[in-house]
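Asks: Chains as they are written, first to last, in my numbering: chain A, 16 to 276; chain B, 10 to 398.
No lab work stands behind these hints, which were simulated from the structure alone. Fair warning: this is a prediction, and the values are worked out from it, not measured in the lab. Treat the hints with care, since some could be wrong.
Stretches of chain A that chain B covers, calculated by requiring three or more beta carbons in the stretch to come under 8 angstroms of a beta carbon on chain B [to be verified]:
1. 77–90
2. 115–124
3. 185–193
4. 206–215
5. 251–260
DSS-like mimics (lysine-lysine), calculated; alpha carbons at most 27 angstroms apart, straight line [claimed, not checked]:
6. LYS260(B) to LYS201(B)
7. LYS88(B) to LYS260(B)
8. LYS176(A) to LYS237(A)
9. LYS176(A) to LYS30(A)
10. LYS237(A) to LYS344(B)
11. LYS248(A) to LYS201(B)
Listed next, with one range per pair, are the computed distances between beta-carbon atoms [what the hints assert, rightly or not]:
12. GLN96(A) to GLU134(B): 28 to 34 angstroms
13. GLN96(A) to ARG162(B): 53 to 59 angstroms
14. THR313(B) to ARG191(A): 26 to 32 angstroms
15. ARG119(A) to THR313(B): 47 to 53 angstroms
16. SER338(B) to ARG89(A): 34 to 40 angstroms
17. THR246(A) to ARG162(B): 35 to 41 angstroms
18. ARG89(A) to THR50(B): 55 to 61 angstroms
Every residue gets a Cβ at the ideal spot worked out from N, C-alpha and C, and that includes glycine.
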Amino acid sequence: MSSDNGRKPRIAVFKFASCDGCQLSLLDAEDELLAVAGAVEIAYFPEASRRMLKGPYDIGLVEGSITTHHDAQRIQQIRRQCRTLVTIGACATAGGIQALRNWRDTGEFVRYVYARPDYIQTLNHSTPIAEHVPVDFELRGCPINKYQLIELLSATLAGRKPNIPTYSVCIECKRRGTVCVAVAQGAMCLGPVTQAGCGAICPAYGRGCYGCYGPMENPNSKRLAAHFLETGKEREQVVRAFRTYNAWAWQFREATEEREG
Amino acid sequence: MRKRARETADQGQAGAARRSLLLSPAALGELLAALLRRGYTVIAPTVRDGAICYEPVNGVEELPAGYTMELEAGSCRLKRRGDEALFGYVVGAKSLKNYLHPPERRVFAAERDNGLFRILPEQTERPRFAFLGVRPCDLAAAAIQDRVFLKDRYQDGEYRARREAAFVVAVHCTEPAATCFCASMGTGPRAKDGFDIALTEIVEPGRHLFVAEAGTAAGAELLAELNASEAPEELCRAAEEALERAASSMKRRLDGDGLRELLYERFEDPHWDDVARRCLCCANCTMVCPTCFCVTVEDTSDVTGRRAERWQRWDSCFTQNFSYIHGGSVRLSPKSRYRQWLTHKLAAWVDQFGTPGCVGCGRCISWCPVGIDITQEVAALREAARTRA
Ligand code: SF4
Ligand code: SF4
Ligand code: SF4
Ligand code: SF4
């Protein structure tokens with residue numbers, strides 16, 4: 016990619032409701048970033064630099080979910096300023112862990128947590144960026160994986176399709192040669208319905224996948240949830256397993272919502 | 010590099026019958042040590058992360074003495090046995106495929122060089138594997154991969170080099186797992202060929218021995234170094250009987266009679282919808298299958314655009330991109346993917362390569378996270394053919 020007038024492509028990084036972990040992955044890619052810095056212009060990245068150049072930008076990376084009226088307006092402006100808009104992480108892509116509020120009365124939380132609830136203005140739901148504006152690409156993970164981020168930037172700059180798989184974590188797990196924790200320990204592993212990209216880290220350390228990369232290309236989450244129940248897991252455990260970082264992704268929601276009713 | 014002269018020891022010994030030698034567990038340790046001395050990376054069963062895995066080992070003490078692995082559909086449990094058997098279990102999730110046709114490998118790297126494009130030399134030193142404890146179904150699977158990779162106009166050079174350099178010590182199966190069905194596929198529980206050495210383990214109260222036979226001149230040469238004596242007639246008979254018992258005790262079976270035609274005919278059977286409701290499209294079955302060979306090739310460039318690499322990675326017909334052609338994927342539904350897998354394994358494979366693509370190892374049954382069982386799916390399709398006509 017080069018921008019219209021031959022200058023270096025300009026990148027901007029924006030933050031909404033999130034923990035900053037994904038932006039840290041970006042900073043963690045320091046060595047590669049130096050190369051990125053040669054190839055692109057980091058025009059707006061408040062987390063890393065005080066220099067804030069005005070838009071328009073060639074690539075906008077968006078972290079975080081929409082939780083306030085103000086955010087809902089700001090994302091509209093950002094979309095207008097970015098030629099390519101990429102969401103980074105589970106918050107921006109699925110609503111994040113804070114989307115757990117979507118099943119509850121947010122007003123009640125506010126009353127419990129804040130000394131002056133009347134100072135707090137918030138929406139009842141935490142929603143992904145794509146519910147507000149069109150998104151060109153979603154980088155998954157909680158947090159994102161820096162190699163996927165670099166691959167995405169390299170591919171975008173070269174004008175090729177990024178190698179970002181959408182199949183299951185199981186494929187990476189088996190390529191890595193890990194003993195399946197679901198089969199060998201009866202662990203509740205979300206790997207079969209979760210998108211690859213992390214390198215199947217959790218099973219390699221003896222734990223089931225928490226599903227932090229969100230739903231894979233055609234997740235059969237209902238069947239996996241039913242299987243957990245059939246093999247002796249408690250309903251509450253199963254609901255919890257599907258309600259973490261990507262709780263609000265509909266493919267994970269449908270695994271547990273029908274059974275709730 | 011040793012030429013894989015697959016002449017049997019019988020031929021090597023001018024028509025003499027295959028000799029059966031007697032090995033003690035200590036002699037087995039010497040055999041392993043001899044392989045290490047010859048510079049092989051020895052791949053053998055060992056206990057790891059709650060399962061028996063086929064991994065590099067450095068001595069016989071790393072073998073799973075006294076362990077077994079109970080396999081059922083979607084489940085594997087490591088258990089202690091009442092004895093010190095070294096091979097008292099069958100296959101792990103990994104097979105020869107993991108080593109001869111590795112899960113991922115760089116095909117080449119290239120650099121931009123003054124406006125030109127230069128392919129960088131790859132390191133060519135390849136691992137030399139000796140496999141210890143290979144089961145008969147896995148030898149049959151390796152023969153199928155040989156057919157796929159080596160017997161057509163285009164050959165896989167990486168596979169050829171690794172395969173030709175490999176040394177194989179097989180173990181006949183006296184105690185198949187509940188998931189095994191090699192007897193009905195004609196691939197076990199006794200290995201017919203494809204090994205340098207084959208062992209039968211005899212564990213009985215009061216004795217623990219191996220009957221060893223050489224399958225190649227290289228195998229005979231290695232056995233000769235161990236100064237083993239001839240196995241007594243009585244022991245050979247005990248080994249034979251154990252193998253016969255193993256064959257008749259196998260509970261699962263896959264009826265291959267007329268199956269190819271049946272699968273082509275049942276292309277629209279409603280049973281495919283039934284299995285699609287249960288299947289997760291996770292691809293574990295294809296990853297662990299010792300005959301599945303599909304790969305994807307991915308090209309990447311770095312941020313600067315100066316360096317590019319090409320990688321080969323295991324792929325699966327259960328993924329969406331597998332059937333991607335211009336404009337989209339051909340097999341969008343899980344139903345079409347499961348059907349593709351089963352029909353390729355058991356029908357189209359015969360047309361393509363002359364044998365079915367299944368050897369009855371049972372891996373896809375035990376390592377499927379929801380326990381989908383190929384033998385049951387085939388039985389259900391047969392039943393459908395009978396009743397739905
Ligand atoms: S451990 Fe989890 S991710 Fe790995 S193969 Fe098993 S189910 Fe899949
Ligand atoms: S294994 Fe699952 S939970 Fe763990 S990092 Fe990967 S995607 Fe996230
Ligand atoms: S299809 Fe299943 S049983 Fe047959 S060879 Fe493959 S993994 Fe083994
Ligand atoms: S049959 Fe089992 S292992 Fe294979 S894709 Fe379906 S759920 Fe996964």
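Asks: If a hint holds in the structure, say so; if it doesn't, say that too.
Replies: Here's how the hints hold up against the structure:
With a cut-off of 8 angstroms between beta carbons, the stretch 77–90 of chain A has 0 residues touching chain B; three or more are needed, and the interface restraint is violated. With 0 residues bearing a CB less than 8 angstroms from a CB of chain B, the stretch 115–124 of chain A misses the requirement of three and the coverage assertion fails. Only residues whose beta carbon comes within less than 8 angstroms of a beta carbon in chain B count, and the stretch 185–193 of chain A has 7; three or more means the coverage holds. Counting residues of the stretch 206–215 of chain A whose CB lies closer than 8 angstroms to any CB of chain B gives 3, which reaches the minimum of 3, so the coverage claim holds.
For the stretch 251–260 of chain A, the stated coverage by chain B is violated: 0 residues have a C-beta nearer than 8 angstroms to a C-beta of that chain, whereas at least 3 were required. Taken as a hint, the LYS260(B) and LYS201(B) pair is honoured in the structure, with Cα atoms around 22 angstroms apart against an allowance of 27 angstroms. Under the criterion of a C-alpha separation no larger than 27 angstroms, the hint pairing LYS88(B) with LYS260(B) is consistent with the structure, at around 20 angstroms. As the CA atoms of LYS176(A) and LYS237(A) are separated by approximately 31 angstroms, the hinted pair breaks the 27 angstroms bound.
The suggested pairing of LYS176(A) with LYS30(A) holds, with an alpha-carbon distance near 25 angstroms, which does not exceed 27 angstroms. As the CA atoms of LYS237(A) and LYS344(B) are separated by approximately 16 angstroms, the hinted pair is consistent with the 27 angstroms bound. For the given pair, LYS248(A) sits about 45 angstroms from LYS201(B) by alpha-carbon distance, which is inconsistent with the 27 angstroms threshold. Between GLN96(A) and GLU134(B) the beta carbons are some 52 angstroms apart, a value that contradicts the proposed interval 28 to 34 angstroms.
About 55 angstroms separates the C-beta atoms of GLN96(A) and ARG162(B), a value consistent with the hinted range of 53 to 59 angstroms. Taking the beta carbon of each, THR313(B) and ARG191(A) are about 29 angstroms apart, inside 26 to 32 angstroms as hinted. Separated by about 48 angstroms at the C-beta atoms, ARG119(A) and THR313(B) satisfy the suggested range of 47 to 53 angstroms. Between SER338(B) and ARG89(A), the C-beta spacing of about 36 angstroms keeps the proposed range 34 to 40 angstroms intact.
Checked against the hint of 35 to 41 angstroms, the C-beta distance between THR246(A) and ARG162(B) comes to roughly 48 angstroms, which is inconsistent with it. At roughly 57 angstroms, the beta-carbon separation of ARG89(A) and THR50(B) lies within the given 55 to 61 angstroms, and the hint holds.
Of the numbered hints given earlier, the model fails hints 1, 2, 5, 8, 11, 12 and 17; all others are met.
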